[in-house]
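**Student:** First to last, the protein sequences are chains Z and A.
Residue numbers for the first sequence, in my numbering: 32 to 192.
Residue numbers for the second sequence, in my numbering: 32 to 419.
Some hints here could point you the wrong way.
Simulated pairs of lysine to aspartate or glutamate, EDC-like, Cα-Cα distance not exceeding 20 Å [as the list claims (entries may be wrong)]:
1) 43/Z / 326/A
2) 375/A / 185/Z
3) 224/A / 214/A
These are computed hints drawn from the structure, not numbers from a lab.
Chain by chain, the residues:
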Amino acid sequence: MMREKILSYIEKNARIDLHELAVILGEDEAAVMNELESMEKEKIICGYHTLIDWDAAGIEKVNALIEVRVTPQRGIGFDKVAQYIYHYPEVNAVYLISGNFDFMVTLEGKTLRQVSEFVTQKLSTIESVMSTRTNFILKKYKDHGTIMVDKIEDERMRVVL
Amino acid sequence: MRNPLSETIVSIKPSGIRKFFDIVSEMDDAISLGVGEPDFDTPWRVREEAIYSLEQGRTFYTSNAGLMELKREISSYLDKKYNLTYHPGKEILLTVGGSEAIDIALRAMLDPGDEVLIPQPSYVSYLPCTILAGGKPVIINLKEENEFRLTAGELEEAITDKTKILVLPFPNNPTGAILEREDLEALASVIEKHDIFVLTDEIYSELTYNEEGHCSIAALPGMRERTVYINGFSKAFAMTGWRLGYACAPRIILEQMLKIHQFAIMCAPTTSQYAAIEAIKSCDADVLAMREEYDHRRRYLMDRFKNMGIKCFEPFGAFYIFPSIQEFGISSEEFATRFLERKKVAVVPGTAFGDCGEGFLRISYAYSLDTLERAMDLLEEFVGELRQ
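Given these sequences and hints, build the entire structure.
**Tutor:** Here you go:
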């Protein structure tokens, strides 16, 4: 299926140009362009971002994973509570989770103070939120399928017949 | 003092084009497209299994032919893929890479003067191994107009009453050529008619990009009993350094190969054998993902060559592309040397794989698309300069 082929490829390499993408996938260029445009319209493709190793750039950013437990109330399902949370621009991701807690909320690129302010003043004060537990990320080994440490060079011999 | 050396070994030329390779190895900043091994790491689960086997202290010899569990897995893999049945206990032998299998198969089958048909361009070891086994190599020069496939006509023409073995190196290094079922069927009838044997080196069998996929000659009617089937873990599972291959053959041949293997090698590396069990059992998805990525690169290169106006047949196997540089009126080695000196990109002259590789280059796409793109930009510049 062409859509899946396109998505699988650009998930790892969003910057590839249209001609090259069509060639690589063995598809017609115009058809690939059409699919890309419709998938953008349909919000299947939700954005094109850059994966950055901020540590390597020497820029300090605090990343937090916050476990949130909520009391589901009549008339207010999880979706509604999630909405209260995800509308904050400082929130990077919100997932509904099976297991010991309900939401996983991630904050990226904040200072320690900003994180603590967000948790104590915004998150905890939402009516349905029962408790929170904030975990700080100490080191990113791998993100979005990309290993951020041990960037090794090509160690093969230069010519092998 | 007497001459310590055997005349036979001294008569064999060292592999490849020494002068060119010496320049490459000294140029640290060059981009190389000269490597005939996967750029992927061995899948982690395979490496982890090897580590575990070491932790468990499994560091002893295995039986000469290899671990029974691995031979069973190979047997069922071949059955599943090609409907080929080999008895795990009697017809499968684990070797130190496919290379050892080539060597011992020739040694087990050749008497002095027996002729071995070797289609070229092809991997460099068939010819010296034939000579070392006392056989006489007879080269079949493959043609670009046939997409470097071996045709029944070419085979027929090369057969004499001394011909014993046909080497069948497909999918092919360096051309990327494959043989499809119809090609193989045509060859099979000639092979049967003249009662010769086949050494089929299918090390690149998992890397084909045609719709039908790879077809093994051993799976054709009447061929299994006259074929030594060689494969290994290097290319499909990105396990070159583990040195693990295998041969499957009728018992009468395999028994003799096992004797040579037993005396010369003892057994294939134990750690690699444990790792290979994991590879063959549970890495189908990894193999598929690697193949897909090779295919992307293959299409990318074909497109670049087309846009540069360089003649190139579409290869459907391995991870090589074999463009023609005949229009430039210089030899392959000259082209490769100048390209390296001027643009710092290393490719392998086609002549490294036989005289009929003259006029061609082997370009490996076991490299990231980024690397290929940089190299192709430089090739485009270089070709532009040559054409001026």
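**Student:** Which earlier hints turn out false for this structure, listed by number in ascending order?
**Tutor:** none
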